[in-house]
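> For the sequence shown, position 214 matches number 214 in the UniProt record's numbering, and the numbering has no gaps at all.
Hint data in this document are derived by calculation from the structure and do not stem from the laboratory. Possibly wrong hints are sitting among the right ones.
Label-pair restraints from in silico Cβ distances [as the list claims (entries may be wrong)]: (1) Glu255 / Gly184: 16 to 22 angstroms; (2) Asn56 / Lys146: 22 to 28 angstroms; (3) Arg153 / Thr76: 35 to 41 angstroms; (4) Lys22 / Glu182: 55 to 61 angstroms; (5) Lys112 / Arg153: 18 to 24 angstroms; (6) Lys217 / Asn56: 49 to 55 angstroms; (7) Lys167 / Thr242: 42 to 48 angstroms; (8) Ala243 / Glu55: 23 to 29 angstroms.
Every value quoted in this text rests on a predicted model; they were computed, and no experiment measured them. Backbone N, C-alpha and C define an ideal beta-carbon position, used for all residues, glycine too.
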Amino acid sequence: EEPTSKHVIHLDTPSSLGKLLKKHKRALVMFYAPWCVYCKQMKPEYAAAAAKVKENGLGVLAAMDVHRAENTGMRTKYNITGFPTVHYFKNGEILATYEGENKQDKIVEFMKDPTAVPVKTKETPWSEEPTSKHVIHLDTPSSLGKLLKKHKRALVMFYAPWCVYCKQMKPEYAAAAAKVKENGLGVLAAMDVHRAENTGMRTKYNITGFPTVHYFKNGEILATYEGENKQDKIVEFMKDPTAVPVKTKETPWSEEP
1 EEPTSKHVIH
11 LDTPSSLGKL
21 LKKHKRALVM
31 FYAPWCVYCK
41 QMKPEYAAAA
51 AKVKENGLGV
61 LAAMDVHRAE
71 NTGMRTKYNI
81 TGFPTVHYFK
91 NGEILATYEG
101 ENKQDKIVEF
111 MKDPTAVPVK
121 TKETPWSEEP
131 TSKHVIHLDT
141 PSSLGKLLKK
151 HKRALVMFYA
161 PWCVYCKQMK
171 PEYAAAAAKV
181 KENGLGVLAA
191 MDVHRAENTG
201 MRTKYNITGF
211 PTVHYFKNGE
221 ILATYEGENK
231 QDKIVEFMKD
241 PTAVPVKTKE
251 TPWSEEP
């Protein structure tokens with residue numbers, strides 16, 4: 001069966017969320033924004049997982065667009081600082097947050113035991129990975145300042161090491177960095193803004209979610225990259241950062257068959 005959104009419970013208002021949490025003891029809720037690339041990538045897997053979770057009596061999967069004016073208050077209430085944020089509620093309270101892969105089986109697995117602690121392998125800092133050699137790694141705000149003075153055109157990825165979407169983007173970004181350098185289109189850099197000394201950059205550059213990828217020209221933000229996690233798309237963007245992407249009229253997720 002084609003995974004569709006029919007098994008996902010779409011919540012239009014805060015009161016519909018309240019009713020859902022009263023009715024269902026176990027609920028996974030995806031708080032998203034329609035324009036968010038990572039949300040779009042997650043939707044089909046989340047929808048497919050919803051069918052399996054329902055079938056196995058593990059609870060329900062729901063979704064709420066918190067970009068809608070009437071739902072923005074939910075961001076503060078549930079500490080939503082980036083999209084998507086996926087919280088697991090038990091008896092109306094947040095018990096855990098899903099931070100796994102965008103894979104239906106991983107979501108189903110999580111629903112079986114939301115409090116299981118994922119096995120963490122010791123991670124190599126991105127700057128030490130051999131594949132990232134063409135990415136300029138910025139350790140401090142001053143190193144960012146120097147970069148922007150030295151390079152007229154720079155794309156900077158502001159990330160957090162724990163962020164799943166950042167991890168997914170890293171290999172494509174690193175591959176794009178080599179091509180961008182080769183073609184004289186500027187430089188690609190990266191900064192871990194989860195590091196204590198760099199957290200001030202979040203406010204300075206309006207970073208509300210990870211990754212946030214800003215294009216700087218002559219030290220000022222000219223554009224923000226919101227395209228796909230594909231090296232060719234990043235290279236394309238570097239050729240003309242101010243080109244407006246063609247937007248197709250989007251069907252609300254709740255209306256998708």
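> Give a verdict on every hint.
Hint check results:
Checked against the hint of 16 to 22 angstroms, the pair Glu255 and Gly184 fails, with Cβ atoms roughly 45 angstroms apart. Between Asn56 and Lys146 the beta carbon distance is about 54 angstroms. The supplied range of 22 to 28 angstroms is therefore violated. Taking 35 to 41 angstroms as the suggested C-beta distance range, the pair Arg153 and Thr76 conforms, at roughly 37 angstroms. Checked against the given bound of 55 to 61 angstroms, the beta carbons of Lys22 and Glu182, roughly 58 angstroms apart, stay inside it.
Range check, Lys112 to Arg153: Cβ separation about 48 angstroms, and the 18 to 24 angstroms hint is violated. Look at Lys217 against Asn56: about 52 angstroms separates their beta carbons, and that is inside 49 to 55 angstroms. Between Lys167 and Thr242, the C-beta spacing of about 29 angstroms breaks the proposed range 42 to 48 angstroms. A beta carbon spacing of about 44 angstroms between Ala243 and Glu55 contradicts the range 23 to 29 angstroms that was offered as a hint.
Checked against the numbered hints given earlier, this structure breaks hints 1, 2, 5, 7, 8; the rest are met.
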